[in-house]
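Chemist: Letter by letter, the chains look like this.
2 protein chains.
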Amino acid sequence: MTDKAFQDYYPEELSHCYGCGRNNAQGLQLKSYWDGEESRALFQPEDKHMAVPGFVYGGLIASLIDCHCTGTAAAAAYRAQGRAMDTKPPIRFVTASLHVDYLAPTPIEALLEIRGKIIEVTPKKVIIEASVMAGKTLCAKGKVVAVHLPESMLKKMKGE
Amino acid sequence: MTDKAFQDYYPEELSHCYGCGRNNAQGLQLKSYWDGEESRALFQPEDKHMAVPGFVYGGLIASLIDCHCTGTAAAAAYRAQGRAMDTKPPIRFVTASLHVDYLAPTPIEALLEIRGKIIEVTPKKVIIEASVMAGKTLCAKGKVVAVHLPESMLKKMKGE
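Quick mapping for you: the protein sequence lines, in order, are chains A and B.
139 is the number of the first residue of the first sequence in the working numbering; add one for each residue after it.
139 is the number of the first residue of the second sequence in the working numbering; add one for each residue after it.
If you're looking for bench data, these hints aren't it; they were derived computationally from the structure.
Among the hints, erroneous ones may be present.
Note that identical chains are pooled: a pair holds if it fits in a single copy or bridges any two copies.
[To be verified] Quick list of in silico lysine-lysine cross-link-like pairs, DSS-like style, CA-CA up to 25 Å: (1) LYS255 <-> LYS281; (2) LYS281 <-> LYS293; (3) LYS279 <-> LYS262; (4) LYS293 <-> LYS186; (5) LYS263 <-> LYS142; (6) LYS142 <-> LYS293; (7) LYS279 <-> LYS263; (8) LYS262 <-> LYS293; (9) LYS274 <-> LYS263; (10) LYS262 <-> LYS294; (11) LYS186 <-> LYS142; (12) LYS281 <-> LYS263; (13) LYS262 <-> LYS169; (14) LYS296 <-> LYS186; (15) LYS279 <-> LYS296; (16) LYS169 <-> LYS186; (17) LYS274 <-> LYS296.
This structure is a prediction, so every number in the text was calculated from the model and none was measured.
Could you build all of it, start to finish, from the sequences and the hints given here?
Modeler: Next comes the structure, spelled out in structure tokens:
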């Protein structure tokens, strides 16, 4: 892992995401990194993230997969363009579709490892497969189709 | 809608879910109700739930669909058994798989309407299709396969 996460390269105004924005003090602040050809993030759930006592709620798993995969999509797109992540224009992906299979109850005390594997990179979209491990237990598998942040969102943000 | 939500019938010890537990003060406390043959919930996102300024992050949408559908699955299972929701034994579902298609950016200021449509009810699982509307805009569609809370989770909760 390197010191700077994928999400640390997001422009300031696009770094407020509840799941992974460094500028969202109340959010999860997920951070994703390259680990060879795959990407990797670690996340420690808090007690409040429970489904039932002792286990993580499904929405957190979905959120971690979602943000890890859009981050990985951005990193993969920079790489496909042969560009470093601190070069312009910035690349920021959002989720077109998310699929999660919950394979085993996720213990809330475990440090979770989220991994992403790049399946496809095209100019319009990136497809990522994800896994969520608690120790040696595969708790969830996911798949995300990520697309570039729509112009309509940027325009509304700028008040246009 | 009736006064008491599906989630209000969950047993005390199974009402801590971050997404929908009445006993989770820090959670979303989603509440779902019958609306004819479908189910319905309303949710007002907070500022912190943003993806980028002005829009809801995808993990919240996934969480709302998830909890609304597991609640609807329980309600549908009681109904299939011809039982009222305050009768025993309690029925509590968890998510086996979750799919979300994000169709339009979800404005953060909008009161969201989550609807569930029951596709299949068997003794082992319930399949629900969901939609998330912001006013007249269909922001997301979802599909959940819900299964009964595993015995292993109950045992661990009881310290067995």
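Chemist: Please sort LYS262 with LYS169 into within, between, both or neither, judging by C-alpha distance up to 25 Å.
Modeler: within (24 Å within a copy, 37 Å between copies)
Chemist: Reference check for the pair LYS255 and LYS281, CA-CA at most 25 Å: within, between, both, or neither?
Modeler: both (9 Å within a copy, 24 Å between copies)
Chemist: Classify it for me, LYS169 with LYS186: is the Cα-Cα distance of at most 25 Å met within a copy, between copies, both or neither?
Modeler: both (20 Å within a copy, 18 Å between copies)
Chemist: Indicate which option fits the pair LYS281, LYS293 if close means a Cα-Cα distance not exceeding 25 Å: within, between, both or neither.
Modeler: neither (29 Å within a copy, 31 Å between copies)
Chemist: How would you label the pair LYS262, LYS293 (within, between, both, or neither) given a Cα cut-off of 25 Å?
Modeler: within (19 Å within a copy, 47 Å between copies)
Chemist: Are the CA atoms of LYS274 and LYS296 at most 25 Å apart within a copy, between copies, both, or neither?
Modeler: Between. Shortest inter-copy distance 24 Å satisfies the 25 Å Cα cut-off; intra-copy 45 Å does not.
Chemist: At most 25 Å between C-alpha atoms: does LYS263 with LYS142 qualify within a copy, between copies, both, or neither?
Modeler: within (24 Å within a copy, 43 Å between copies)
Chemist: One pair to classify: LYS279 and LYS262, alpha carbons no more than 25 Å apart. Within, between, both, or neither?
Modeler: Result: close both inside a copy and across copies, 24 Å intra and 21 Å inter.
Chemist: Is it within, between, both or neither when you check LYS281 against LYS263 at 25 Å Cα-Cα?
Modeler: both (13 Å within a copy, 22 Å between copies)
Chemist: From the Cα coordinates, with 25 Å as the cut-off, is the pair LYS142 and LYS293 best called within, between, both, or neither?
Modeler: neither (29 Å within a copy, 41 Å between copies)
Chemist: For the identical chains here, do LYS262 and LYS294 meet the 25 Å Cα criterion within one copy, between copies, both, or neither?
Modeler: within (21 Å within a copy, 45 Å between copies)
Chemist: With identical chains, the pair LYS279 and LYS296 could be close in the same copy or across copies; at 25 Å between alpha carbons, which is it: within, between, both, or neither?
Modeler: Neither: 36 Å inside a copy, 28 Å across copies.
Hint check: violations occur at hints 2, 6, 9, 15; the rest are consistent with the structure.
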